[in-house]
Amino acid sequence: MIPRPSSRRPDENFFIVAHDIKYVYEGGIEALKGVNLRIKSGDFIAIVGGNGSGKTTLAKNLIGLLRPTSGSVDVAGNRAEKMTVAELAHFVGYAFQNPDHQLFSGTVEEEVRFGPRNLGMPDAEVSKKADHAIALMGLQNLKSEQPLSLTLGLRRKVSIASVIAMDPQVIILDEPTTGLDAEEIADLMTSIRALNEEGHTLILITHDMRLVAQHAKRVIIMANGRILLDSDPPGAFSDLGLLRSSKLEPPPVTQLAHSLAEFGIPKDIATAEALVESIISARSGRP
Amino acid sequence: MTGFMDLYTEGNTFLHRTDPRVKILAVLFLSALALIIGSLEYLLALLAFILLLLALGRATLAKTFFALKLVLRVMVLIVILWPFFNPSGSPVLFEYGIIKITEPGIVSGITVAVRIACLASVWYILMFTTTQRDLLRALVKLGLRFDFGLTLAIALRFLPTFGAIVNSIKDAQRARGMEFDRGSLVKRSKNYVAVLVPTIVSALRTAETLSLALQSRAYGARKDRTYLRDLNMRPADYATLAFFSLLLILPVFAKYVLQVSI
Chain B
1 MIPRPSSRRP DENFFIVAHD IKYVYEGGIE ALKGVNLRIK SGDFIAIVGG
51 NGSGKTTLAK NLIGLLRPTS GSVDVAGNRA EKMTVAELAH FVGYAFQNPD
101 HQLFSGTVEE EVRFGPRNLG MPDAEVSKKA DHAIALMGLQ NLKSEQPLSL
151 TLGLRRKVSI ASVIAMDPQV IILDEPTTGL DAEEIADLMT SIRALNEEGH
201 TLILITHDMR LVAQHAKRVI IMANGRILLD SDPPGAFSDL GLLRSSKLEP
251 PPVTQLAHSL AEFGIPKDIA TAEALVESII SARSGRP
Chain X
1 MTGFMDLYTE GNTFLHRTDP RVKILAVLFL SALALIIGSL EYLLALLAFI
51 LLLLALGRAT LAKTFFALKL VLRVMVLIVI LWPFFNPSGS PVLFEYGIIK
101 ITEPGIVSGI TVAVRIACLA SVWYILMFTT TQRDLLRALV KLGLRFDFGL
151 TLAIALRFLP TFGAIVNSIK DAQRARGMEF DRGSLVKRSK NYVAVLVPTI
201 VSALRTAETL SLALQSRAYG ARKDRTYLRD LNMRPADYAT LAFFSLLLIL
251 PVFAKYVLQV SI
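These protein sequence lines map, in sequence, to chains B and X.
Numbering follows the numbering used here, in which position 48 of the first sequence is assigned residue number 48; successive positions increment by one, without gaps.
Numbering follows the numbering used here, in which position 3 of the second sequence is assigned residue number 3; successive positions increment by one, without gaps.
Keep in mind the hints are simulated off the structure, nothing from the lab.
Do not rely on the hints blindly, as some may be mistaken.
To be verified - Here are the simulated EDC-like cross-link-like pairs (lysine to aspartate or glutamate), alpha carbons at most 16 Å apart as the crow flies:
{"hint": "1", "chain 1": "X", "residue 1": "Lys190", "chain 2": "B", "residue 2": "Glu110"}
{"hint": "2", "chain 1": "B", "residue 1": "Lys40", "chain 2": "B", "residue 2": "Asp74"}
{"hint": "3", "chain 1": "X", "residue 1": "Lys63", "chain 2": "X", "residue 2": "Glu10"}
{"hint": "4", "chain 1": "B", "residue 1": "Lys40", "chain 2": "B", "residue 2": "Glu197"}
{"hint": "5", "chain 1": "B", "residue 1": "Lys60", "chain 2": "X", "residue 2": "Asp171"}
{"hint": "6", "chain 1": "B", "residue 1": "Lys143", "chain 2": "B", "residue 2": "Glu110"}
Said to hold, decoys possible - Not close to chain X: a few residues of chain B, all C-beta gaps over 10 Å, as computed:
{"hint": "7", "residue": "Phe14"}
{"hint": "8", "residue": "Gly28"}
{"hint": "9", "residue": "Glu109"}
{"hint": "10", "residue": "Lys128"}
{"hint": "11", "residue": "Gly138"}
{"hint": "12", "residue": "Lys143"}
{"hint": "13", "residue": "Leu180"}
{"hint": "14", "residue": "Asp181"}
{"hint": "15", "residue": "Asn196"}
{"hint": "16", "residue": "Lys217"}
{"hint": "17", "residue": "Ser238"}
{"hint": "18", "residue": "Glu273"}
{"hint": "19", "residue": "Ser278"}
{"hint": "20", "residue": "Ile279"}
The beta carbon of each residue, even a glycine, is placed where N, CA and C say it ideally should be.
Construct the entire structure; sequences and hints are all you get.
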């Protein structure tokens with residue numbers, strides 16, 4: 001029903017390109033003050049920043065739920081402004097922060113099939129994509145459960161599965177770990193990593209800096225409607241002042257590394273493994 | 001929905017300061033007056049008086065027009081249709097077959113339209129100058145059960161919240177390729193299930209949390225409540241009440257006792 005727009009790719013390297021987008025909400029709040037962004041296929045990007053920094057507004061501009069007040073967005077080589085949200089949904093999926101805002105079906109399977117059916121996929125393909133999404137999120141045993149009766153962690157998995165089933169190249173996850181316990185987070189992140197390894201581009205909107213340090217390949221720090229820093233995780237964590245000015249706290253391991261700076265430990269440490277390595281090399285480097 | 005929420009205009013005018021109970025009574029008296037008055041001239045005078053009160057309450061022209069826009073269509077319809085269905089009196093202006101239009105028919109159509117304008121706009125005197133909190137406190141003081149008042153207050157308080165939730169739900173489903181304005185009627189109504197179910201679920205979850213929150217703050221622990229801010233009638237409020245009472249009593253006296261046509 002909704003024809004998949006052909007993807008022309010004048011710039012093979014970048015799947016999404018945002019040119020100087022500004023967004024002003026009704027009522028005059030300037031949520032984005034000129035954002036430039038190029039997103040490579042297969043990347044794992046974390047967008048971090050304090051509340052009200054423009055993370056969600058930026059993400060909504062990428063899928064056309066909000067249209068930039070000025071500037072433009074290219075998705076798969078097409079101008080996003082010329083496509084409807086449903087057409088853009090072929091390329092960009094968006095799992096909302098609150099899964100309860102999207103679950104409505106009687107069974108998990110029905111729920112997951114809703115998106116691909118909307119895109120007009122033939123039945124066989126719908127089943128294939130839905131089964132794959134359900135398997136990826138580890139929901140095989142819950143296929144005939146009522147989604148709304150599941151725990152928050154599982155509801156969130158269902159909502160993410162229902163986006164994966166549409167098979168978009170880019171998947172935006174808006175604070176997927178809020179309200180989950182450590183085990184649920186680890187479980188969810190394993191599935192999300194698998195998704196990235198399959199070739200999907202992931203955009204993770206989060207406050208959780210440990211998550212960023214462990215999983216992201218690229219970190220975008222936003223503050224006040226602008227991109228403050230765009231780098232790999234170690235680089236993003238080396239400037240404590242910058243992090244704190246954007247209302248962020250670096251992961252504990254990075255803070256530890258900063259405290260150990262006088263012993264020759266570098267400041268751009270993002271994971272426990274990296275810290276262990278640098279401690280070992282700092283020791284062995286000593287006479 | 002949000003239009004309704006925005007009705008109150010911040011201000012410190014005479015009307016803002018008047019006790020909300022007096023305002024409620026005044027509005028009821030003026031409404032009764034609009035129903036009693038039969039002549040177009042007096043109704044126009046009443047409408048002018050109501051608009052004057054709105055202006056005194058700092059209602060801007062734009063806001064007053066927004067308020068009247070809601071009934072404008074009904075008014076136009078009545079003015080056009082009334083003469084066709086009320087072909088009484090003379091002089092007859094136009095006659096063709098069963099269609100007959102008389103001058104009194106046209107006048108009474110306009111009269112009814114003006115009466116509706118009065119009845120609709122008079123409530124804005126109250127709504128533009130009274131906060132929801134004061135309005136509910138007044139209703140409770142006038143005899144509404146406190147639980148009902150609280151229920152109403154919560155309902156009004158959550159309207160914008162639910163507006164935002166519905167928008168978020170719609171966005172979430174649009175991101176899943178759903179299109180609200182395409183497809184057959186059956187498909188569209190099926191689509192609305194995808195919005196309706198999450199809305200109801202969110203509403204129930206919110207209601208449950210809210211009732212627990214109320215209970216945990218000892219709601220209903222005592223039958224007799226005390227209030228942080230009580231309503232007190234000032235001399236000016238009594239004077240205002242007397243003024244609006246006279247405004248109703250005098251025409252009633254004139255019409256039903258003295259048999260003066262008004």
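Could you check the structure against the hints above and give me the numbers of any it violates, in ascending order?
none
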